[in-house]
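Number of protein chains: 4
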Amino acid sequence: MASPIRVTVWNEFIHERSSDVVKSIYPDGIHAVVAAALREHLGERVQVRTATLDEPDHGLSKAVLKETDVLMWWGHAAHDEVSGKVVKRVQKRILKGMGLVAMHSAHASKIFRRMMGTGCMLRWREAGERERLWNLAPGHPITAGLKEEYFELEHTEMYGEFFDIPPPDELIFVSWFEGGEVFRSGCIWRRGAGKIFYFRPGHETYPIYYDANVRRVLANAAAWAAPSGAPYVGKGRNIPEPLSPIANPLESHDDLHGAPPANRATR
Amino acid sequence: MASPIRVTVWNEFIHERSSDVVKSIYPDGIHAVVAAALREHLGERVQVRTATLDEPDHGLSKAVLKETDVLMWWGHAAHDEVSGKVVKRVQKRILKGMGLVAMHSAHASKIFRRMMGTGCMLRWREAGERERLWNLAPGHPITAGLKEEYFELEHTEMYGEFFDIPPPDELIFVSWFEGGEVFRSGCIWRRGAGKIFYFRPGHETYPIYYDANVRRVLANAAAWAAPSGAPYVGKGRNIPEPLSPIANPLESHDDLHGAPPANRATR
Amino acid sequence: MASPIRVTVWNEFIHERSSDVVKSIYPDGIHAVVAAALREHLGERVQVRTATLDEPDHGLSKAVLKETDVLMWWGHAAHDEVSGKVVKRVQKRILKGMGLVAMHSAHASKIFRRMMGTGCMLRWREAGERERLWNLAPGHPITAGLKEEYFELEHTEMYGEFFDIPPPDELIFVSWFEGGEVFRSGCIWRRGAGKIFYFRPGHETYPIYYDANVRRVLANAAAWAAPSGAPYVGKGRNIPEPLSPIANPLESHDDLHGAPPANRATR
Amino acid sequence: MASPIRVTVWNEFIHERSSDVVKSIYPDGIHAVVAAALREHLGERVQVRTATLDEPDHGLSKAVLKETDVLMWWGHAAHDEVSGKVVKRVQKRILKGMGLVAMHSAHASKIFRRMMGTGCMLRWREAGERERLWNLAPGHPITAGLKEEYFELEHTEMYGEFFDIPPPDELIFVSWFEGGEVFRSGCIWRRGAGKIFYFRPGHETYPIYYDANVRRVLANAAAWAAPSGAPYVGKGRNIPEPLSPIANPLESHDDLHGAPPANRATR
Numbered sequence: 001m002a003s004p005i006r007v008t009v010w011n012e013f014i015h016e017r018s019s020d021v022v023k024s025i026y027p028d029g030i031h032a033v034v035a036a037a038l039r040e041h042l043g044e045r046v047q048v049r050t051a052t053l054d055e056p057d058h059g060l061s062k063a064v065l066k067e068t069d070v071l072m073w074w075g076h077a078a079h080d081e082v083s084g085k086v087v088k089r090v091q092k093r094i095l096k097g098m099g100l101v102a103m104h105s106a107h108a109s110k111i112f113r114r115m116m117g118t119g120c121m122l123r124w125r126e127a128g129e130r131e132r133l134w135n136l137a138p139g140h141p142i143t144a145g146l147k148e149e150y151f152e153l154e155h156t157e158m159y160g161e162f163f164d165i166p167p168p169d170e171l172i173f174v175s176w177f178e179g180g181e182v183f184r185s186g187c188i189w190r191r192g193a194g195k196i197f198y199f200r201p202g203h204e205t206y207p208i209y210y211d212a213n214v215r216r217v218l219a220n221a222a223a224w225a226a227p228s229g230a231p232y233v234g235k236g237r238n239i240p241e242p243l244s245p246i247a248n249p250l251e252s253h254d255d256l257h258g259a260p261p262a263n264r265a266t267r
Numbered sequence: 001m002a003s004p005i006r007v008t009v010w011n012e013f014i015h016e017r018s019s020d021v022v023k024s025i026y027p028d029g030i031h032a033v034v035a036a037a038l039r040e041h042l043g044e045r046v047q048v049r050t051a052t053l054d055e056p057d058h059g060l061s062k063a064v065l066k067e068t069d070v071l072m073w074w075g076h077a078a079h080d081e082v083s084g085k086v087v088k089r090v091q092k093r094i095l096k097g098m099g100l101v102a103m104h105s106a107h108a109s110k111i112f113r114r115m116m117g118t119g120c121m122l123r124w125r126e127a128g129e130r131e132r133l134w135n136l137a138p139g140h141p142i143t144a145g146l147k148e149e150y151f152e153l154e155h156t157e158m159y160g161e162f163f164d165i166p167p168p169d170e171l172i173f174v175s176w177f178e179g180g181e182v183f184r185s186g187c188i189w190r191r192g193a194g195k196i197f198y199f200r201p202g203h204e205t206y207p208i209y210y211d212a213n214v215r216r217v218l219a220n221a222a223a224w225a226a227p228s229g230a231p232y233v234g235k236g237r238n239i240p241e242p243l244s245p246i247a248n249p250l251e252s253h254d255d256l257h258g259a260p261p262a263n264r265a266t267r
Numbered sequence: 001m002a003s004p005i006r007v008t009v010w011n012e013f014i015h016e017r018s019s020d021v022v023k024s025i026y027p028d029g030i031h032a033v034v035a036a037a038l039r040e041h042l043g044e045r046v047q048v049r050t051a052t053l054d055e056p057d058h059g060l061s062k063a064v065l066k067e068t069d070v071l072m073w074w075g076h077a078a079h080d081e082v083s084g085k086v087v088k089r090v091q092k093r094i095l096k097g098m099g100l101v102a103m104h105s106a107h108a109s110k111i112f113r114r115m116m117g118t119g120c121m122l123r124w125r126e127a128g129e130r131e132r133l134w135n136l137a138p139g140h141p142i143t144a145g146l147k148e149e150y151f152e153l154e155h156t157e158m159y160g161e162f163f164d165i166p167p168p169d170e171l172i173f174v175s176w177f178e179g180g181e182v183f184r185s186g187c188i189w190r191r192g193a194g195k196i197f198y199f200r201p202g203h204e205t206y207p208i209y210y211d212a213n214v215r216r217v218l219a220n221a222a223a224w225a226a227p228s229g230a231p232y233v234g235k236g237r238n239i240p241e242p243l244s245p246i247a248n249p250l251e252s253h254d255d256l257h258g259a260p261p262a263n264r265a266t267r
Numbered sequence: 001m002a003s004p005i006r007v008t009v010w011n012e013f014i015h016e017r018s019s020d021v022v023k024s025i026y027p028d029g030i031h032a033v034v035a036a037a038l039r040e041h042l043g044e045r046v047q048v049r050t051a052t053l054d055e056p057d058h059g060l061s062k063a064v065l066k067e068t069d070v071l072m073w074w075g076h077a078a079h080d081e082v083s084g085k086v087v088k089r090v091q092k093r094i095l096k097g098m099g100l101v102a103m104h105s106a107h108a109s110k111i112f113r114r115m116m117g118t119g120c121m122l123r124w125r126e127a128g129e130r131e132r133l134w135n136l137a138p139g140h141p142i143t144a145g146l147k148e149e150y151f152e153l154e155h156t157e158m159y160g161e162f163f164d165i166p167p168p169d170e171l172i173f174v175s176w177f178e179g180g181e182v183f184r185s186g187c188i189w190r191r192g193a194g195k196i197f198y199f200r201p202g203h204e205t206y207p208i209y210y211d212a213n214v215r216r217v218l219a220n221a222a223a224w225a226a227p228s229g230a231p232y233v234g235k236g237r238n239i240p241e242p243l244s245p246i247a248n249p250l251e252s253h254d255d256l257h258g259a260p261p262a263n264r265a266t267r
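Residue numbers (my numbering), protein chains in the order written: chain G, 1 to 267; chain D, 1 to 267; chain V, 1 to 267; chain E, 1 to 267.
I should point out that these hints are in silico values taken from the structure, not numbers from a laboratory.
Note that the coordinates shown come from a computational prediction; the quantities given were computed from them, not determined experimentally.
The list makes no distinction among identical chains, and a pair is therefore deemed to hold if it is satisfied within one copy or across any two copies.
No more than 30 Å apart at the CA atoms, straight line, and that leaves these computed lysine-lysine pairs for BS3-like: (1) 88 x 62; (2) 85 x 66; (3) 88 x 147.
Produce the complete structure using the sequences and hints provided.
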């Protein structure tokens, strides 16, 4: 049998301790509920651990990341408190093949914005309104198990376009909001050997992560984002020999050749 | 008549002063030759200025960027010397609609890597070998005026895959190298309201920027990358009212509402 | 000055003659109103002619197509009456660089379905409801002149997802409908050297083609879809010689070489 | 355990019977060797059957297709002999979720061209030259098990750009050919709920399908192309009710409502 997918669910874990409302919905933290959703659907196919902001290295040491196949990320109030060093470390790991599932307000997290290269801003409104997530990608593994063309969340925070992201490599869900907005709610990007999925649902004051369809999609996304395929070779390669001697080479008159390697350091 | 496209050609301008070989090819700097190529093909449709690393703000003050429709970038030896503040400023301007044309070794520049979110590394070899750039996008404005299915450069530095970039939104050229490699040599990405084009040709020790086809593509790219379309709205928007009253709202019990705005500062 | 873009606006022109309601809105046919919109915005930059189903060759003879840079298409009741021969002819012309703008119910036209390779079906409802078209591509020339993040149509036929199209190369608009649906309302595909734009607005019983924003987008689309770039080379090429002799060729023992050319006829 | 993937390997099976050279390489037909490659790598995860041109319905009856998760296709000399009815049937099945793996000269098959909507033509040369397939998608399941950045085929027929296909949704391999060409050798498209993979290797006079890397990719592709995700809903839906009553509907004055359903037959 294939070895289990090792998922780390990261949560800043602030609102659940500072707000009674949020605490009443997620007494053990959003991360605990997301982790349970993965276990519910993937069973022995998954091995879940959690990590939070106030742990050393935010719980994301080199060792932890090395043993993480998929990182799921929830943050909102404290994006700025995440250390740049950890962000860089996560980015490198993603390029080498680790999956990233960014949830809800993680759109504004440092790691998501770094991977996207854009502002990642959006419109929003907290009116507890109805949302419909339309499935634009039947046949995609992330939508497995969804029975209808859309699923509904009765009370949600609204996120609306323009969402300042790179055009997704694949667009899975588009949300309709009662108040008049639409939003690209499920988006895929490939970066290096890593797969990234942004999934909109999940405000802290609504019990979104108990919703059956949301849980199913989160589990699907974790399974999909796990590393697969050939290894990443983006770095540290020597200068390759040509396949056969160059027929008519230009004699190299590049006197930079004698320059110290520092000259090429950025490459 | 439409107002001219305002292009700023940026060059680190180092090799041309430190290397006799490079100086002999580009006595006034690569930027001067690129600027001439634009003027040659676009005439009155373009207004070109240049900027270099050692100017204050690298020649990219807020005022200059505000008046720049398209920024063309050449760097190699001194990527690390470009100030992070200027890079951030350029990124913001791109998202608001300024075009970026990254040339050759600009693949490893701070601004290109920031926009991409990936490592942007590649294989390379300086053997003065033959390169063929195959046109994969007939009908694309960046290829206008190219007569054949490919064009050739007799002596080039090789850049080879795997090139660690996000999958391009459009792939214009793929290079064939005599020594056995291929490379995505002309790539398009859209970010915010801005357009980005990466174009491979251009090593400092080969007179690539005098090549007629390369010059034509550079001019096409500048014209294509100029701002067009509706304005960028990625920031500073108020929370929108719903189109009509929410039918069955969830009474907001989010006690974060009373929290200081700092809580939302990152969004 | 550049020569004008030659646009042919095609309309099946049936509802306008069989229905009093439609006749009252479009007395000279939808094509006449679309043509006027192009002239309004593009002036001398455009040369417009129209063509309809009941003309010989549906008004799309080889000669007409040869002189057409952009074909705009409106059909609904009589898709099946369009001759397969004309459809094939239009397809070839698109691949060679002619633009196609498919409007509203043209999603089910033979030419659109042939270019897409999919079913192109969708949900629909005629309830005269409100639609908001959200702009997902600020900076794109097709959105030029739009002032806000979205524009509204007060009474429209609803088209909803799942819309069975290939994932668009670029997604320009997503519609929000009062009744609960979303729809990819502005989509771009590149095929051969040709550019294709699908634009949803336009039901025959609502005066959609008099709306200022719709007219602006139609004109933008015509300008964008005009041929540009290097010519199409998809056919009729001879077998190319290798750049240099093959180092270690496999002696060809393909006894098909003696076979009649018919064997390769399909390629 | 998951039920096995049901693959049908289709081959026109002509060259293997008319040419001694091809017969000596593929005595039981190309389909037999491809089927063996799948069994070799996927074992009990796959159930393979084969079908050929001269069987009734070309071996692709409704019943067979209904039980087929992935269809692999090889054809060359007799594309025109494939019945249009079967092609239509296969297209429908793909849209509903069946995977299609088109191999080598299947680029010119009726089914592939129908799914693409383009000419699908290319350059070619039979000189037995060297080919390198560069992996542009590390981390993609189709590349699993490949150890290096590229793999090589010592003697191949050349296929070169411009390859007249829609821009692939994902580009997996680009080939380098000794004689000077490049080619998009591994391409992915999503159509309806179905996944399509084009894989270039496979000329009948070279023993390509015995190559270890080619076999591995074929098996990976079959596993990847198997249906997954939510079901396809492209057809047969009723007109949906609005979520809530339309606030300010336009009284429908569409007298087409009384028209016979034939009017909407094409939708």
